[in-house]
Amino acid sequence: MRSDRTGRSGRSPLMLKLAAGAGLLFLHLPILIIFVYAFTTEEKSYQWPPPDLTVKWFAIAWERPDVRDALWLSVRTAATATAVALVLGTLCAAAVSRTRFFGREAISLLVILPIALPGIITGIALRSAFSLAEIPFSFWTIVLGHATFCVVIVYNNAVARFRRTSGSLIEASMDLGANGFQTFAHVILPNIGTALLAGGMLAFALSFDEVIVTTFTAGQQATLPIWMLEELVRPRQRPVTNVVAMLVVAVTFLPILAAYYLTRDGDQVQGQGK
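Residue numbering for the sequence shown follows UniProt numbering, beginning at 1 and increasing consecutively.
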């Protein structure tokens, strides 16, 4: 058995491995059960093990217009909120990391605050603001609600990368006659591009499966997670709900996995705790 210089063993104790395995099983076994029930032939009740397996529910889920409408709304909302977050988050990160001004730390705190607050507080605050301003609930109210925390994701990724980018590169570009746009396109963007891409993927994943804030800002509209909640309360075809759950897991897991591989060589991925 190998040991490091401090004399400690290079292998983890057996009990620690068992505890880690039990923790992972506790977290992921319910998800695997949902996947299995997406193939069951039972429509109203669950039996274990499932009496028989079928793939018909995937076709049924796709043919239901309420599922397609909810999916399309979730995709549009997540894409738009991510685009807004990329612009605002990058601008805030550039201002905070590259310049010094009075109140900079306070502004940084205010930008990060939405992801630290409970979602229900953010939802109630937004709903109250929309009501006071007499803004009707629509697609854009959902986008604004999601953008409040998506901006934080992009901001944390971008500001960490900005702080790792040498200011001398920007100064050299300006000294050589490049204007602001050329400096951004040829110097800044190549250095922060992967951080922005990772932040955008994380923001899209979090927006796609957001429930609490959406509940307060959607009105009568139903994104895919809201549709799932309604189906769990008043189920019609339970396996269809499980099929949709598989889709939500895939759409949220793949961007997060891609973001991890994009930034796995550093500690610049921040703010994914929500």
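Keep in mind the hints are simulated off the structure, nothing from the lab.
Note that beta-carbon positions come from the ideal geometry of N, C-alpha and C, so glycine has one too.
Misleading hints may appear alongside valid ones.
Per label pair, the in silico range of CB-to-CB distance [as the list claims (entries may be wrong)]:
1) Ile-107 with Ile-31: 53 to 63 Å
2) Glu-63 with Asn-179: 52 to 62 Å
3) Phe-102 with Glu-171: 18 to 28 Å
4) Ala-172 with Val-55: 18 to 28 Å
5) Phe-58 with Met-174: 17 to 27 Å
6) Ala-116 with Trp-48: 31 to 41 Å
Check the structure against each numbered hint from earlier and tell me which ones fail, lowest number first. As far as the earlier hints go, 1, 4 and 5 are violated by this structure, in ascending order.
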